[in-house]
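Chains as they are written, first to last, in the working numbering: chain A, 16 to 221; chain B, 36 to 248.
Check each hint, because a few of them may be wrong.
What the hints assert, rightly or not - Pairwise CB distance ranges (calculated): (1) Ile126(A) with Ile73(B): 47 to 55 Å; (2) Lys28(A) with His147(B): 32 to 40 Å; (3) Ile81(A) with Pro79(B): 38 to 46 Å; (4) His53(A) with Lys144(B): 22 to 30 Å; (5) Ile111(B) with Ile36(A): 20 to 28 Å.
Said to hold, decoys possible - Which residues of chain A face chain B? A partial, calculated answer using Cβ under 8 Å: (6) Ile56; (7) Val68; (8) Ala94; (9) Leu100; (10) Val101; (11) Leu105; (12) Leu155.
If you're looking for bench data, these hints aren't it; they were derived computationally from the structure.
Cβ atoms here follow ideal geometry from the backbone N, Cα and C, with glycine treated the same way.
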Amino acid sequence: MIEFFAEMDIIYKIGLAVAFIAIIVAFSAIVRQKDEIHLLIIIDLIEITGLVVIALLATDLAEALILPGLVVGVAEIMAVSELWLVKEGLQNVRPVRRLDIEVLHTAPPIIGALLTAYGIFLTGFTGGLIAGLGLALFFLGKATTENFLSSETASGYAWVLWVLAFLIFIFFPSQWFLALMAAAVGIMIKVMAKIALVGTMRGDGS
Amino acid sequence: MMESILVTIPFGDMIHYLSGYTGVLFGFAAVFVLLAVISLPEKPVEIVFGTDGYSLKETPVDLAKFQRFMAIACGIATIGAIVTGDIFNFTLFAAFIGVLNIGIVAAVKNKHVLSAAFSYGLVVMMGTVPLFAGAAIIAATTGTLSIWELAAAGGVPVIAKLLLLIGVLGEGMAPFYIGKAEITRASGAPYILMIHVSSLLLFLRVVEILLTV
């Protein structure tokens, strides 16, 4: 471990020093801070600086650990902040008015259908993006009382399809074409559902 | 140093295994997953203070369903952490268990439970950093994360082991958060148990890993 530090480039040492100072500052902020939402934000800051340390310490292989670190961090901050919203009773329950002009009644279904059809024809990540844009546009012209749960369910099954495709790749490599198509369709539906959720965001309506 | 291996499950270059020790842990986790699958939620009894009166609390069906899903997922993640032969997967499963433990109590609509779960969530968030840092340092110094190769070659720095242990302590903190005992008093008894089972087994497994590598 000592040699590992000794043969390190000077720039990494400086970076490590800065990152550790940032961590110390963040931890001292936690000690002072009592407000819960600020605690949450500061702890996210600690996570990010911790990932900076991993990035500076580790080799290329070990840097692969940054991505799961980030994903897990995002998942945790989403779960904990949702918990905080429930705890403080801040969940938005009021219905939101949409912009009521004629072009939003006629145009979104047509353009949305065209984009979605083209996206399904493309498949894969790009196709999911284009089809998702179509759906987002379609949802923009709709009231928010639609049942969006079904699109989240579809996203979940798409993810299962994607994982199954990977298992086919590993266990039955001769069936690679089937696996490729399954993965392409899975990722398309997954991306599509996520992008479509953007069309459902309306702010708090105030 | 690998003690008596009973089963190996090769999955590409990752070789999952069960020794006598982890086999027992696996059986324990499997029993509790089965319990979460088949059992109905409890009906907590609340004594009215100072009298003989008591009241039965019903757990709402949607809450019970959500808790059951989270408990089963947590049990499966625990089994994953037990059988895996790869430190990278182990850290991921440990982080997963942390998030699912929050999920098991998060649906309870009780301010005290939510407040305890929030504090626990903050600890879990802090725990992920040493967890992944430990794995990253192991990968950086030895060039592998496979427990098999680490057991044969050795050379894992003590600091990395320590960070891994601190990370697991953060993730499996829930039952030890007894100062905020509400987290374990949330309704839905068979599912809440999974919090204890998962963190106990996670600790036992990380001890085995740290002694092996």
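Broken hints, by number: Result: hints 2, 5, 6, 9, 11, 12 break, sorted rising.
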